[in-house]
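Q: Now for the letters of each chain:
Number of protein chains: 2
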Amino acid sequence: MTANPILAEQTRGSTVENIHRGAYVICDADGTVIASAGDIARPVFPRSAIKSMQALAMVTSGAIDSLALTDAELALACASHHGEDVHVDGVAAFLDHIGRGPADLECGAHPPTNSAARKALLASGGAPTALHNNCSGKHSGMLSVARALGIDATGYVERDHPVQAAVRKAIETVIGAPLSEDLCGRDGCSIPTYAAPLQGFAQGFARMATGKGLPDDLAAAAKRIFDAATSHPLLVAGTGHLDTLVMEAFGGRAMQKVGAEGVQCGAIRDKGWGYALKCDDGNIPASQAMVAGLLLRHADPDAAQRDVLERFAHQPLTNVRGFTVGEMRSAI
Amino acid sequence: MTANPILAEQTRGSTVENIHRGAYVICDADGTVIASAGDIARPVFPRSAIKSMQALAMVTSGAIDSLALTDAELALACASHHGEDVHVDGVAAFLDHIGRGPADLECGAHPPTNSAARKALLASGGAPTALHNNCSGKHSGMLSVARALGIDATGYVERDHPVQAAVRKAIETVIGAPLSEDLCGRDGCSIPTYAAPLQGFAQGFARMATGKGLPDDLAAAAKRIFDAATSHPLLVAGTGHLDTLVMEAFGGRAMQKVGAEGVQCGAIRDKGWGYALKCDDGNIPASQAMVAGLLLRHADPDAAQRDVLERFAHQPLTNVRGFTVGEMRSAI
Numbered sequence: 157m158t159a160n161p162i163l164a165e166q167t168r169g170s171t172v173e174n175i176h177r178g179a180y181v182i183c184d185a186d187g188t189v190i191a192s193a194g195d196i197a198r199p200v201f202p203r204s205a206i207k208s209m210q211a212l213a214m215v216t217s218g219a220i221d222s223l224a225l226t227d228a229e230l231a232l233a234c235a236s237h238h239g240e241d242v243h244v245d246g247v248a249a250f251l252d253h254i255g256r257g258p259a260d261l262e263c264g265a266h267p268p269t270n271s272a273a274r275k276a277l278l279a280s281g282g283a284p285t286a287l288h289n290n291c292s293g294k295h296s297g298m299l300s301v302a303r304a305l306g307i308d309a310t311g312y313v314e315r316d317h318p319v320q321a322a323v324r325k326a327i328e329t330v331i332g333a334p335l336s337e338d339l340c341g342r343d344g345c346s347i348p349t350y351a352a353p354l355q356g357f358a359q360g361f362a363r364m365a366t367g368k369g370l371p372d373d374l375a376a377a378a379k380r381i382f383d384a385a386t387s388h389p390l391l392v393a394g395t396g397h398l399d400t401l402v403m404e405a406f407g408g409r410a411m412q413k414v415g416a417e418g419v420q421c422g423a424i425r426d427k428g429w430g431y432a433l434k435c436d437d438g439n440i441p442a443s444q445a446m447v448a449g450l451l452l453r454h455a456d457p458d459a460a461q462r463d464v465l466e467r468f469a470h471q472p473l474t475n476v477r478g479f480t481v482g483e484m485r486s487a488i
Numbered sequence: 157m158t159a160n161p162i163l164a165e166q167t168r169g170s171t172v173e174n175i176h177r178g179a180y181v182i183c184d185a186d187g188t189v190i191a192s193a194g195d196i197a198r199p200v201f202p203r204s205a206i207k208s209m210q211a212l213a214m215v216t217s218g219a220i221d222s223l224a225l226t227d228a229e230l231a232l233a234c235a236s237h238h239g240e241d242v243h244v245d246g247v248a249a250f251l252d253h254i255g256r257g258p259a260d261l262e263c264g265a266h267p268p269t270n271s272a273a274r275k276a277l278l279a280s281g282g283a284p285t286a287l288h289n290n291c292s293g294k295h296s297g298m299l300s301v302a303r304a305l306g307i308d309a310t311g312y313v314e315r316d317h318p319v320q321a322a323v324r325k326a327i328e329t330v331i332g333a334p335l336s337e338d339l340c341g342r343d344g345c346s347i348p349t350y351a352a353p354l355q356g357f358a359q360g361f362a363r364m365a366t367g368k369g370l371p372d373d374l375a376a377a378a379k380r381i382f383d384a385a386t387s388h389p390l391l392v393a394g395t396g397h398l399d400t401l402v403m404e405a406f407g408g409r410a411m412q413k414v415g416a417e418g419v420q421c422g423a424i425r426d427k428g429w430g431y432a433l434k435c436d437d438g439n440i441p442a443s444q445a446m447v448a449g450l451l452l453r454h455a456d457p458d459a460a461q462r463d464v465l466e467r468f469a470h471q472p473l474t475n476v477r478g479f480t481v482g483e484m485r486s487a488i
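Residue numbers (this note's numbering), protein chains in the order written: chain R, 157 to 488; chain D, 157 to 488.
Treat the hints with caution; some may be incorrect.
The list makes no distinction among identical chains, and a pair is therefore deemed to hold if it is satisfied within one copy or across any two copies.
[Unchecked claim] Calculated cross-link-like contacts (lysine to any residue; reagent style SDA-like; alpha-carbon spacing at most 25 Å):
| id | residue 1 | residue 2 |
| --- | --- | --- |
| 1 | K325 | V172 |
| 2 | K368 | R380 |
| 3 | K325 | G169 |
| 4 | K325 | S170 |
| 5 | K325 | E314 |
| 6 | K325 | T171 |
| 7 | K275 | A265 |
| 8 | K275 | D241 |
Treat the hints as calculated values from the structure; they're not laboratory data.
Please work from the sequences and hints to get the whole structure.
A: Here it is in structure tokens:
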């Protein structure tokens, strides 16, 4: 396999200690490549970076209208949230709204991603529940799909369940290519994830940003989902997270979403471009440095946007006593 | 830069999700290469993988004899320990033995690496101290060097302090090459770490394993240090850790030590070989898969040793609900 280029480096003193290779592509809705590096045809598991595509099943199933889903609920369906009160309360309300409860979630429980929320939960003697799972909003959205389809939701995380069939169909429509069961794995939250080329995901995000190449109902829904996510950036991630800070700073111009194992996807909406990026080794801070570098070069950031991006393109590395000993930096 | 080969992979389903490149070398005390992959001349920060080399300053300073250091203390000086009771109590006794206390440690405090010890400390309302720092045994050894040299230990973590000069000299003697201040960084525990080629570290471990190429006093001390570490494997790491399990299984045949950011060093003592390995991206589980693969191929493991190594050469990957979703595996 030809090696992908180095897209991020971690230094110690003035020496490079670690290197992080990867690939990325920015393209428009027609698939024209604006910029790229590395092998963009190799299949990549998009993981949580495409929750906004998975959320389109809430449109194709009719849930968005028949259940009158709110923008906050759509934002939570796109989220890898940090388990802060605003997220846990929001997902509980979402479930209540659709006539379901936490016991219906099949994502499993893990402690809040947010450190203060995690400590507060432990200090109160509480145990993590499925509501704290970063994917609980997406799973609530999937329960709304089952409700709208009028089917039993039990086992909705399984590949052959009608909910996952609807999710898969929505992704295939947006990326314009079939997903392969030979490239199907199980995600952290137990739903299927299909590996496919970065190029397809980037073009899919461009289509969602512009509506071009999509059926009218999906085009309208994609706009509504991106509007919901970019106007509720705290719901999509959490306090201090790159995705939240970038979407806050870009005020609707940028949709940005992390996926596990070093995936970053999004859209520069006013340019009509989508992008997809994967760090070969799965390192998340490295992938954040990479996507910050990508947006610095290609998203025409203003001073405030640049300030946010620079914080992630050059992340100080501190040691146990708080000395700055190096940095994680973008090589894009 | 020419890319190093893929030495570990993480799969999801039947598809490779992440790849981990790196380099390794196995050589004898003369520097003859037994096996290698990738660029073994590029400077690498060895981090904690060479604590046994740093511990030689306890010999050159006279501390080992004048303070009558015990084998358990030597093992702790080589350790990245997990903050279990046996480690914390051992380091407290080490400090007491040399007339020093926890307040003299300049490594900083972090919570115990061992998950049960960490939870127990938090549940008891206790706060992490420098004793819990995985490097506190090494730092106690450095305090013993200052004591033996009859100098003020304050600031012993700084590059220009006589303690670090003695440590640097010991490493240079063992690897047979000067260390460069241009390639000096500050480690997690605040002492200097010098980047140098893997080849030098591998040859240094072979020299320590055999005594060949070393002054008589260092040769004897290296044997005593390796004997101390390999006969106290729990002190060198912690419950369930690769280093502890491998040294337990090999019963003195293998010295094995992890370093931060994906470094693995050691010696196959009965063959007189040393080895050094670095995962390019710093991933620790990947580097463990790599070194397990290396030892499977080159250390002639018996059935029990093979069983331990296979657990790390093929590490199951589980998700939030405990489903096995893939594996981290050696490609060596």
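Q: Hint by hint, note whether the structure agrees.
A: Hint-by-hint comparison with the structure:
1. K325 / V172: Classified as between; 24 Å across copies, 44 Å inside a copy.
2. K368 / R380: within (15 Å within a copy, 72 Å between copies)
3. K325 / G169: between (49 Å within a copy, 20 Å between copies)
4. K325 / S170: So K325 and S170 pass the 25 Å test across copies only (22 Å; inside, 49 Å).
5. K325 / E314: The answer is within: 15 Å in one copy meets 25 Å, while 60 Å across copies does not.
6. K325 / T171: between (48 Å within a copy, 21 Å between copies)
7. K275 / A265: both (16 Å within a copy, 19 Å between copies)
8. K275 / D241: The answer is both: 13 Å in one copy and 24 Å across copies each meet 25 Å.
When held up to the earlier numbered hints, the structure conflicts with none and fits them all.
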